[in-house]
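In the order they appear, the protein sequences are chains A and B.
Residues in the first sequence are numbered from 1185 upward in steps of one, following our numbering.
Residues in the second sequence are numbered from 85 upward in steps of one, following our numbering.
Careful: at least some of the hints might be erroneous.
Unchecked claim - Facing chain A, a subset of chain B residues (Cβ under 7 Å, in silico):
1. ARG272
2. ALA279
3. ARG281
4. GLU282
5. ASN283
6. ARG288
7. MET289
8. LEU290
9. GLY291
10. TYR292
11. ASP293
Hint data in this document are derived by calculation from the structure and do not stem from the laboratory.
Backbone N, C-alpha and C fix where the C-beta goes; we use that ideal spot for every residue, glycine too.
Residue strings, one per chain:
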Amino acid sequence: MTPLLTTKGLSRHFGGLRAVDGVDFALMPGEIRAIIGPNGAGKTTFVSLLSGRIRPSSGTIVFDGADITGMPAYRRVRLGVAYTFQITSVFANLTAFDNVALPVQRTLTDGRSKGQVRAGVMAALERTGLADRAGTLAAHLSYGHQRLLEVAMGLALKPRLLILDEPTQGLADSEIDNFIVLVREIAKSATVLLIEHNMPVVMDLADRITVFNSGKILAEGTPEQIRADVEVQDAYLGATHG
Amino acid sequence: MKDVSLAKTYALHIGIIALLFVLNFVLPDYHQGLFARIMTLAVFAMGYNLLFGYVGLLSLGHAMFFSAGLYGAGLTVYHLGWGVPEAFVAGVACGALLALVIGLLALRTSGVAFMIVTMMFAQVFYLLILYFAAWTGGDQGLVIQQTSRALNFGSTSFDLTNPTVRYMSALALFSVVLFITLAVVRSRFGRVLVAIRENEERTRMLGYDTVANKLAAVVLSGTICAAPGAAYALLFGYIGSSFASVQYSILPLLWVLLGGAATTLGPLIGTLFMYYVTDITSGFTSAYLLIVGVALILLVLFAPKGILGSIRQRWLGWLP
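Hey, can you work out the whole structure from these sequences and the hints?
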C-alpha cells in the first residue's frame, strides 16, 4: 500500500532553533496516528507544515502522490487536508450553523441549493451531537461544545486527512469518552493524525504512535511498542508520570 | 424562525423605500433636495459599508471610487457629449476598473498598512485631477449644463434637474443598491466575507482563497461607490476635485460608524443623521463642526455599534 502522506527531510528553523529537523514521515491511508512528545518537541510546527500554515525551510511533502510542499494552505484543504486548531478558533460571533455552513458550502459542487447546505450542516452537527444547538452563537457554547464544533467544521470539509491538534485539551472525562467514539467514527472515512497529550486517549485510539523530541522523530510503532520503549520512557512518559 | 425574520427583513426594507417615496410629496422644497443628496451619498456609504462593515477592511481612500464615477460620467458628458445612460455606465465602469487595480495592489497589505496604501492611492488620484486641470477643471470643477442632463426614453424625456425626477432617480439608485447589499450579505459570498472579518486565518483553513474573496469585495464596493458618484454628476450637475479629497474618504467611514457598521440600513441612517445635525446646528452657530464632533463622541461612548447596530443588539436581533 502506498502512503497517503510522506515527508522527506522536512525542516523548519526559527532563527537558530530547529523546531522541525529533517523529519522523514509516512502515513498510511485509513490509520489513526498519534503524535506525542514533550512540550516544544515540534509537534504543532510539524502539522502546521503539513497543513500549509507555515512554509518549510527545506524538505518535501507529498500527499496522495502529488508534491504539495509549495502549495498554499487553502488549496491543500481542497485536496482533502483538514486542520482543526489547537486553540479553539470557531467564529465566535456566528451561530453554530453558520460556522459549519462555511466548510459545507465550499465542498458543494452545484453551489446553488440552500437545502443542500442545510442538509450538509445538520449532518455534521448531528455526528458531533450539536444538532440541537444549531442556532446558538458559537461564543455562547460551552468550551467542550466549541471543541466539538471545531471538529464538525473539520468533518464538513469531507477530508481525506483530518489533523486534530490536541482535541481533548480542556474536555471533561465524560466528554473525552464521547470524543473517542467520534474519532473512531471519523476514521472509517478518513485518515486521522492527532497530536495528543492525554496518554489513555492515545493508547486507546491510535493504530500507531510517532514520538517527537527536539524536532526529530524519536520512535515510531504500535502503542505496545511505544509503551515498552525505554528511550521514550526517559524522554516523555517517565517525565509526565514520574 | 428563519423565514419569519426574512419576511420582516423584506417588509422593513420595502417599508423604508415606500416611506422615502411618500416623503417626496410631503417634504418642503429645500428638504426634498437635501434628501435626494442624502440618498445618493447613502449609496456611497453602503458601498463603503460592504467592505468596512462586512469584510472588516478599513479603507481611507474610497473618495477615489466615488470620484471615478463622478468624473467618468461627468467628463464623458462634458467632453464627448454622451447621453445620460452611457455616461452613467462609463462612470460605474471606471470605478470597477479602478477598484480592480487598487485591490490587486492594496490587498498585498492588511490592517494599518491597508489604510495608508488606500489613502495614498486616493491622494494620487486627487492630485491627478488637479494636474489634468485642462480637462477636469481642477479645483474649480466643471458644471454640466442642464441640456446635457436629460434622460430620454423614446419620445419621453426626463429632465434630471427637475426636483421630483432627481429625487426619484436617487431613490431608484438607493433601492437597487439596498437590495443588492441585502442579497450579498445573505448569500454564501456574504457569509465568507463575514468569516474573513471574524478570522481570516481560520477561513483560509476551511479552503477559501481569502485574497480572491477580498478582491471581489473591493471591486464590488468600488463599483457600488462609483454609481452614486456618476449619479451625483448627472443629478446635481457639478464635478469637482473636493469630492476626491481625503474628506470624502473619511465621511463614508463616519456615516457608517454612526448608522451602524454591518447593517444594511445603517449607512442611510448615519448619512441622514450627520447631514441634519450639520444642517440644523449650522443655523445657530458657525462652530457647528464642534457640535458634530461632540455628537460623534457621544455616540462612540454610548453606542459604539452605531445607531442601528445598538438597536439590533438590544432589541431587534433579526436585523440584517
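Hints versus structure:
{"no.": "1", "hint": "ARG272", "result": "holds, 5 Å"}
{"no.": "2", "hint": "ALA279", "result": "holds, 5 Å"}
{"no.": "3", "hint": "ARG281", "result": "violated, 9 Å"}
{"no.": "4", "hint": "GLU282", "result": "holds, 5 Å"}
{"no.": "5", "hint": "ASN283", "result": "holds, 6 Å"}
{"no.": "6", "hint": "ARG288", "result": "holds, 5 Å"}
{"no.": "7", "hint": "MET289", "result": "holds, 5 Å"}
{"no.": "8", "hint": "LEU290", "result": "holds, 5 Å"}
{"no.": "9", "hint": "GLY291", "result": "holds, 3 Å"}
{"no.": "10", "hint": "TYR292", "result": "holds, 6 Å"}
{"no.": "11", "hint": "ASP293", "result": "holds, 5 Å"}
In the structure shown, a violation is registered for the earlier hint numbered 3 alone.
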